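2 protein chains.
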Amino acid sequence: MSKTKRFILQEEQLPRQWYNIVADMKVKPIPMLHPGTKQPIKEEDLHPIFSKEASRLELNQTDRFIDIPEEVREKYKYYRSTPLVRAYGLEKALDTPAHIYFKNESVSPVGSHKLNTAIPQAYYCKKEGITNVTTETGAGQWGTALSYACSLYGLELAVYMVKISYEQKPYRRSIMQSYGATVIASPSMSTRAGRDIITRNPNYQGSLGTAISEAIELATQTTNCKYSLGSVLNHVFLHQTVIGLEAEKQMEMAGEYPDMVIACFGGGSNFAGIAFPFMKNSLRDDSLKTRFIAAEPASCPKMSKGIFQYDFGDETGYTPLIPMYTLGHTFAPANIHAGGLRYHGAGAIVSELLRQGRMEAADIKQLEAFDAALLFAKVEGIIPAPESSHAIAATVREALKCKEEGVKKTILFNLSGHGLIDMSSYDRYLAGDLENYSLSEEELQKNFDKLEKII
Amino acid sequence: MSKTKRFILQEEQLPRQWYNIVADMKVKPIPMLHPGTKQPIKEEDLHPIFSKEASRLELNQTDRFIDIPEEVREKYKYYRSTPLVRAYGLEKALDTPAHIYFKNESVSPVGSHKLNTAIPQAYYCKKEGITNVTTETGAGQWGTALSYACSLYGLELAVYMVKISYEQKPYRRSIMQSYGATVIASPSMSTRAGRDIITRNPNYQGSLGTAISEAIELATQTTNCKYSLGSVLNHVFLHQTVIGLEAEKQMEMAGEYPDMVIACFGGGSNFAGIAFPFMKNSLRDDSLKTRFIAAEPASCPKMSKGIFQYDFGDETGYTPLIPMYTLGHTFAPANIHAGGLRYHGAGAIVSELLRQGRMEAADIKQLEAFDAALLFAKVEGIIPAPESSHAIAATVREALKCKEEGVKKTILFNLSGHGLIDMSSYDRYLAGDLENYSLSEEELQKNFDKLEKII
Numbered sequence: 004m005s006k007t008k009r010f011i012l013q014e015e016q017l018p019r020q021w022y023n024i025v026a027d028m029k030v031k032p033i034p035m036l037h038p039g040t041k042q043p044i045k046e047e048d049l050h051p052i053f054s055k056e057a058s059r060l061e062l063n064q065t066d067r068f069i070d071i072p073e074e075v076r077e078k079y080k081y082y083r084s085t086p087l088v089r090a091y092g093l094e095k096a097l098d099t100p101a102h103i104y105f106k107n108e109s110v111s112p113v114g115s116h117k118l119n120t121a122i123p124q125a126y127y128c129k130k131e132g133i134t135n136v137t138t139e140t141g142a143g144q145w146g147t148a149l150s151y152a153c154s155l156y157g158l159e160l161a162v163y164m165v166k167i168s169y170e171q172k173p174y175r176r177s178i179m180q181s182y183g184a185t186v187i188a189s190p191s192m193s194t195r196a197g198r199d200i201i202t203r204n205p206n207y208q209g210s211l212g213t214a215i216s217e218a219i220e221l222a223t224q225t226t227n228c229k230y231s232l233g234s235v236l237n238h239v240f241l242h243q244t245v246i247g248l249e250a251e252k253q254m255e256m257a258g259e260y261p262d263m264v265i266a267c268f269g270g271g272s273n274f275a276g277i278a279f280p281f282m283k284n285s286l287r288d289d290s291l292k293t294r295f296i297a298a299e300p301a302s303c304p305k306m307s308k309g310i311f312q313y314d315f316g317d318e319t320g321y322t323p324l325i326p327m328y329t330l331g332h333t334f335a336p337a338n339i340h341a342g343g344l345r346y347h348g349a350g351a352i353v354s355e356l357l358r359q360g361r362m363e364a365a366d367i368k369q370l371e372a373f374d375a376a377l378l379f380a381k382v383e384g385i386i387p388a389p390e391s392s393h394a395i396a397a398t399v400r401e402a403l404k405c406k407e408e409g410v411k412k413t414i415l416f417n418l419s420g421h422g423l424i425d426m427s428s429y430d431r432y433l434a435g436d437l438e439n440y441s442l443s444e445e446e447l448q449k450n451f452d453k454l455e456k457i458i
Numbered sequence: 004m005s006k007t008k009r010f011i012l013q014e015e016q017l018p019r020q021w022y023n024i025v026a027d028m029k030v031k032p033i034p035m036l037h038p039g040t041k042q043p044i045k046e047e048d049l050h051p052i053f054s055k056e057a058s059r060l061e062l063n064q065t066d067r068f069i070d071i072p073e074e075v076r077e078k079y080k081y082y083r084s085t086p087l088v089r090a091y092g093l094e095k096a097l098d099t100p101a102h103i104y105f106k107n108e109s110v111s112p113v114g115s116h117k118l119n120t121a122i123p124q125a126y127y128c129k130k131e132g133i134t135n136v137t138t139e140t141g142a143g144q145w146g147t148a149l150s151y152a153c154s155l156y157g158l159e160l161a162v163y164m165v166k167i168s169y170e171q172k173p174y175r176r177s178i179m180q181s182y183g184a185t186v187i188a189s190p191s192m193s194t195r196a197g198r199d200i201i202t203r204n205p206n207y208q209g210s211l212g213t214a215i216s217e218a219i220e221l222a223t224q225t226t227n228c229k230y231s232l233g234s235v236l237n238h239v240f241l242h243q244t245v246i247g248l249e250a251e252k253q254m255e256m257a258g259e260y261p262d263m264v265i266a267c268f269g270g271g272s273n274f275a276g277i278a279f280p281f282m283k284n285s286l287r288d289d290s291l292k293t294r295f296i297a298a299e300p301a302s303c304p305k306m307s308k309g310i311f312q313y314d315f316g317d318e319t320g321y322t323p324l325i326p327m328y329t330l331g332h333t334f335a336p337a338n339i340h341a342g343g344l345r346y347h348g349a350g351a352i353v354s355e356l357l358r359q360g361r362m363e364a365a366d367i368k369q370l371e372a373f374d375a376a377l378l379f380a381k382v383e384g385i386i387p388a389p390e391s392s393h394a395i396a397a398t399v400r401e402a403l404k405c406k407e408e409g410v411k412k413t414i415l416f417n418l419s420g421h422g423l424i425d426m427s428s429y430d431r432y433l434a435g436d437l438e439n440y441s442l443s444e445e446e447l448q449k450n451f452d453k454l455e456k457i458i
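Protein sequence lines, in the order shown, are assigned to chains A and B. Count along the first sequence from 1, then add 3; that gives the number in my numbering. Count along the second sequence from 1, then add 3; that gives the number in my numbering.
Where hints are given, some of them may not hold.
Since the list can't tell identical chains apart, any single copy or any two copies may satisfy a pair.
Claimed, not checked - Within a straight-line C-alpha distance of at most 30 Å, the following computed BS3-like cross-link-like pairs (lysine-lysine) qualify:
1. K368 with K404
2. K406 with K456
3. K449 with K411
4. K252 with K6
5. K368 with K412
6. K41 with K29
7. K381 with K308
8. K8 with K252
9. K45 with K55
10. K80 with K6
11. K8 with K130
12. K129 with K381
13. K31 with K41
14. K166 with K412
15. K95 with K368
In short, the hints are calculated from the structure, not lab data. Please read all numbers here as calculations on a predicted model, not as lab measurements.
Work out the full structure, taking the sequences as your base and the hints as a guide.
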């Protein structure tokens, strides 16, 4: 009998609202603090950095569902719904009784889930008369998505790209330039934050934290300019729930409900996107025992080894203080190839959910991620992004556990993006040049000691 | 009012048969000839090179529709239907009254339409007990698709990759290797065909014709090994009609019928794929005035400037003699970045259709193609393959003509693949380093003079 492989929604079935999980949390995340006054952030405090609408959404703790503006929904329709795919090839290769599904966000025109928040963020700016936007990017997925979104709305965009990625991934830069963006390697001499760190360490390869500092600084010093962030924040997580809301309907079409929901974890946006809509059900129904697993790199394990603490989102300290699991905002992550996961902290909502035991973390070593990626490519055809490969590796672990124990579980993971721009990393893996990195307790403690203790 | 952007078929609506246009042609293509005897090719003559099923299909001139094997259809379901997209962004940017649609083959796991024939060709080999397969690739799209298809069926694959692409596009090589294929730069020392040409010209950058010779030679000298071709041949065109058969249903969903169908043109496979199912209707109904336009590079203009002649499909002369529009099988095309279009000849069916006035050709210069590509990327989000950019450029020409003349026409083009592995070409374009190449009459004549005159 023919088995359905892909579940796709028609345009009229696309979600009309995003899901705001904070409204459903009995214990809310503790508030972000103003970096100067150390008082809880108010909407106006965010206006110098973000668009008004993003600021408003950031602090919304009451509305469970928030309308997707019609214009944004129209843009979503160009690539959404993304397919939910039953990974028969992977199941067979692992010889597992588990049923494995993945949500394929790699088919967006920019190749990742990041477009889901880039479009509304650019739209808010356009609507509010903003003309210029700044941002940072690590591996380049976020920068690519925002470049295209800004091109759609005729906004000028400057992207600070982490220097090591800028050099390792020249084609990411070309893609952003093709969409019309200006791309600057970070740290750069164009900001005080950049100059300071170059002065201290001329060979510094950059980090997301530094690139964020530079982008915020440029935004606050440019007329009619706002900054835009691709992860960590509440409004970003909100936008990404379109992934899970679709997946919920698609799993229904497949006649199954996930026992596990798995996503890779950098700042938390693709995890939130796939997980929150299913967590919505768990929050209301205690009998649901769905596990939510964040797959993070062993070299940057904020969820499994970080501490819960107020910390900055950037290296210099321009952002609000966020209550987060963190390795410290000056933490310089190892040079792994999953650039999008090299970030020191987790967003406030996911940090709170981890604290409440609503989710768990799995730490994945670099080689385990690439092993899983190659297997996946051979049996499912898609070369996954090094970031997404962490989710695949965690899925493989769980599917093999099902085999050992002889139990049939249903696993859903998010394939956040493809790896076609990351082939230099695959080249190095195939040549046997890649290493595993893990963090020593000493290194960890050194970074923790630098944190100002507020909690 | 919300306008539908993408038209997608459900799995049960996917075509169950391919369309064999030859059965509908009143005047059939004249037969291919055996290179030794110069007699019309028989099925058995093809067996040393191709699988039995491919050989059988190659000569089928009677069955209008041919069942897609259930196992192949199951594999198609992982990525088909591909979306039909209304290009509102491009229409707006051009300010044209034309309605523009594109069939998005770039969302296949390997990034192009080539998988549509790679899967059945690998399937036939598997079914017939073949263990090893050889092929050639230019830009790498075909080699990538066959690598994945062979990985699906556990076949060993050796790919001869045109040397200039091998060097310019190292990541294409990595992708094929990720799927488990062996990749050799062509010309190589591993075959007589390769050694001969290296001896004559040690700096030869390779051509598809040479790579085909090497792949055929290896196949005929290896146990249990067949050769597989990604374009030109009748059975390849047949497989690709799945594109147009889907598009026909999807255009119906959109409530329109194309006045023009446009595709880029290397050997003819993506053109045949999108065009033949619509030509089916034209062949039966003279009142349909649909134009079918092959967009070829001005530097390799076999359709607009070639001669109709029996010629070999490869450089050495291992293939049957094919009745084709050709620039001569020893023609060395200019080093343009659309590697997939650098082929000297057109398949027998499309050549005959051109002779009968059923289709036309447009020649596109390299810079016009990249201009169109960048415009498309900015307004539709997808970075097109340099090959597909030729189809976009031809579409832009026609859409602007509609604007000039104030007429609303419906244009459908095939986006055969994305250009994410071709960013080095975009880099050079953005840096202003790319040139236009055109062929002089003298150069053309020199190649024609070398051809043995059989017609």
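Here's how the hints hold up against the structure:
1. Taking the closest pair of Cα atoms, K368 and K404 come within 30 Å of each other only inside a single copy of the chain (18 Å); across copies the shortest separation is 57 Å, beyond that limit.
2. Within a single copy, K406 and K456 get their C-alpha atoms no closer than 45 Å, and across copies no closer than 66 Å, so neither meets the 30 Å cut-off.
3. For the homomeric pair K449 and K411, neither the shortest alpha-carbon distance inside one copy (44 Å) nor that between copies (68 Å) is at most 30 Å.
4. Within a single copy, K252 and K6 get their C-alpha atoms as close as 18 Å, and across copies as close as 22 Å, so both meet the 30 Å cut-off.
5. For the identical chains of this complex, K368 and K412 are intra-copy neighbours only, at 24 Å inside a copy versus 55 Å across copies, given an alpha-carbon limit of 30 Å.
6. For the identical chains of this complex, K41 and K29 are intra-copy neighbours only, at 24 Å inside a copy versus 83 Å across copies, given an alpha-carbon limit of 30 Å.
7. With identical chains, the CA atoms of K381 and K308 are never at most 30 Å apart, being 33 Å at best within one copy and 42 Å at best between copies.
8. Taking the shortest Cα distances, K8 and K252 sit within 30 Å of each other both inside one copy (15 Å) and across copies (21 Å).
9. In this assembly of identical chains, K45 and K55 lie within 30 Å of each other by CA distance solely inside one copy; the values are 12 Å within and 73 Å between copies.
10. With identical chains, the CA atoms of K80 and K6 are at most 30 Å apart both within one copy (26 Å) and between copies (9 Å).
11. In this homomeric assembly, K8 and K130 come within 30 Å of each other (Cα to Cα) only across copies, at 23 Å, whereas the closest approach inside a single copy is 40 Å.
12. In this assembly of identical chains, K129 and K381 lie within 30 Å of each other by CA distance solely across copies; the values are 17 Å between and 43 Å within a copy.
13. Only within a single protomer do K31 and K41 lie at most 30 Å apart by alpha-carbon distance; the minimum there is 19 Å, versus 82 Å between protomers.
14. Taking identical chains as interchangeable, the C-alpha atoms of K166 and K412 are never at most 30 Å apart, the minima being 42 Å within one chain and 48 Å between chains.
15. In this assembly of identical chains, K95 and K368 lie within 30 Å of each other by CA distance solely inside one copy; the values are 24 Å within and 47 Å between copies.
Figure legend: structure checked against the earlier numbered hints; hints not met, in rising order: 2, 3, 7, 14.
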